[in-house]
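Quick mapping for you: the protein sequence lines, in order, are chains W and Z. Going by our numbering, the first residue of the first sequence is number 1262, and it counts up by one from there. Going by our numbering, the first residue of the second sequence is number 77, and it counts up by one from there.
It should be emphasised that the hints constitute simulated quantities derived from the structure, not laboratory data. No experiment lies behind these values; they were computed from the predicted model shown. All C-beta atoms in this analysis are idealised placements derived from N, C-alpha and C, irrespective of residue type, glycine included. Mixed in with the good hints, there may be bad ones.
Mimicking DMTMM-like on lysine to aspartate or glutamate, the simulated pairs with C-alpha atoms at most 20 Å apart in a straight line are [claimed, not checked]: (1) Lys1314(W) - Glu103(Z); (2) Lys1271(W) - Glu219(Z); (3) Lys1326(W) - Asp187(Z); (4) Lys1263(W) - Asp135(Z); (5) Lys275(Z) - Glu219(Z); (6) Lys199(Z) - Asp1300(W); (7) Lys1308(W) - Glu1334(W); (8) Lys282(Z) - Glu249(Z); (9) Lys1314(W) - Glu154(Z); (10) Lys1304(W) - Glu249(Z); (11) Lys79(Z) - Asp1300(W); (12) Lys228(Z) - Glu249(Z); (13) Lys1326(W) - Asp174(Z).
Not close to chain Z: a few residues of chain W, all C-beta gaps over 10 Å, as computed [said to hold, decoys possible]: (14) Ser1272; (15) Asp1278; (16) Val1280; (17) Glu1284; (18) Glu1288; (19) Ser1290; (20) Glu1294; (21) Ile1306; (22) Ala1315; (23) Ala1323; (24) Ala1325; (25) Lys1326; (26) Ile1336.
Each chain, letter by letter, is given below.
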Amino acid sequence: MKNLVEVLVKSLVENPDAVVVNEVTAEQSITLELRVAADDMGKVIGKQGRIAKAIRTVIKAAAAKENKRVILEIIQ
Amino acid sequence: MKKVVTKGRTVEEAISLALKELDTSRENVETKVLELPSGGIMGLFRNRYAKVEVIINTDLCKIAKTYLNNIVSAMGIEANIETSLDENVLSIVMTGQDMGILIGRRGQTLDSLQYLTSLVINKLTEQYVRVVLDTENYRKKRELTLKDLAEKLAHRVISTKKKIELEPMNPYERRIIHATLQKNNKIYTFSQGEEPFRKVVIDIKKTS
Chain W
1262 MKNLVEVLVK
1272 SLVENPDAVV
1282 VNEVTAEQSI
1292 TLELRVAADD
1302 MGKVIGKQGR
1312 IAKAIRTVIK
1322 AAAAKENKRV
1332 ILEIIQ
Chain Z
77 MKKVVTKGRT
87 VEEAISLALK
97 ELDTSRENVE
107 TKVLELPSGG
117 IMGLFRNRYA
127 KVEVIINTDL
137 CKIAKTYLNN
147 IVSAMGIEAN
157 IETSLDENVL
167 SIVMTGQDMG
177 ILIGRRGQTL
187 DSLQYLTSLV
197 INKLTEQYVR
207 VVLDTENYRK
217 KRELTLKDLA
227 EKLAHRVIST
237 KKKIELEPMN
247 PYERRIIHAT
257 LQKNNKIYTF
267 SQGEEPFRKV
277 VIDIKKTS
């Protein structure tokens, strides 16, 4: 899951090296904490959160395959 | 930087200046000569310099393919990905098992993947490239479903004389509904609401 978020995000941002994903696994859910360079926040959120929504949709599909719930938090 | 325009005493000189500026080599670029050095007419309009435009060639097909391949394998799905670039449309078709997961409910996942790929591609291009991602002929099937739905609802509006609001759809899907019902002169269609909840409304035409 962590790897998937990295793959999705690194090609969208200007500073791929600053992309950090932290995975916190609970019994039935996974929380992913995404950190990117301050300048890249817009690149992962998008107008009205459109990009963030697309990223969440894709990771949800991957999580559903493993019968898990997944939460993506974008941390400033 | 994807494109530079440089001047030199010869075409070759201008190109090599551009390559230095772009920090790349000759096989990665496309060049276009804008002006040639000329003597002009009787010393007038004399042009001492060659002017060239040098554009970095990016293999968009390959970039899209690699991006999606990485995503799909990180999801634990095996897929074969074919790409083709025609004019400004990049078409991508995925085949394999588990394609249902990549489509998602009403194509949500497919649309998200398409949107993300389009962002990655258009970050690299000067001119907008439309990215169309498909698998198992989903786009065509969805189009037929929407056309059927449009016709069915149009009939209902005509017989009940009451307007019908459809569920929210993306611009592409709304366009299919509008286009399908455009020639029907008993009803008219319009969209209302804000993205991403914008929806089509079918209403009866008032005969005056």
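Quick rundown of the hints versus the structure:
no., hint, in the structure
1, Lys1314(W) - Glu103(Z), "39 Å, violated"
2, Lys1271(W) - Glu219(Z), "33 Å, violated"
3, Lys1326(W) - Asp187(Z), "18 Å, holds"
4, Lys1263(W) - Asp135(Z), "28 Å, violated"
5, Lys275(Z) - Glu219(Z), "16 Å, holds"
6, Lys199(Z) - Asp1300(W), "15 Å, holds"
7, Lys1308(W) - Glu1334(W), "17 Å, holds"
8, Lys282(Z) - Glu249(Z), "26 Å, violated"
9, Lys1314(W) - Glu154(Z), "24 Å, violated"
10, Lys1304(W) - Glu249(Z), "26 Å, violated"
11, Lys79(Z) - Asp1300(W), "24 Å, violated"
12, Lys228(Z) - Glu249(Z), "16 Å, holds"
13, Lys1326(W) - Asp174(Z), "9 Å, holds"
14, Ser1272, "5 Å, violated"
15, Asp1278, "17 Å, holds"
16, Val1280, "14 Å, holds"
17, Glu1284, "13 Å, holds"
18, Glu1288, "20 Å, holds"
19, Ser1290, "18 Å, holds"
20, Glu1294, "17 Å, holds"
21, Ile1306, "12 Å, holds"
22, Ala1315, "4 Å, violated"
23, Ala1323, "4 Å, violated"
24, Ala1325, "7 Å, violated"
25, Lys1326, "6 Å, violated"
26, Ile1336, "20 Å, holds"
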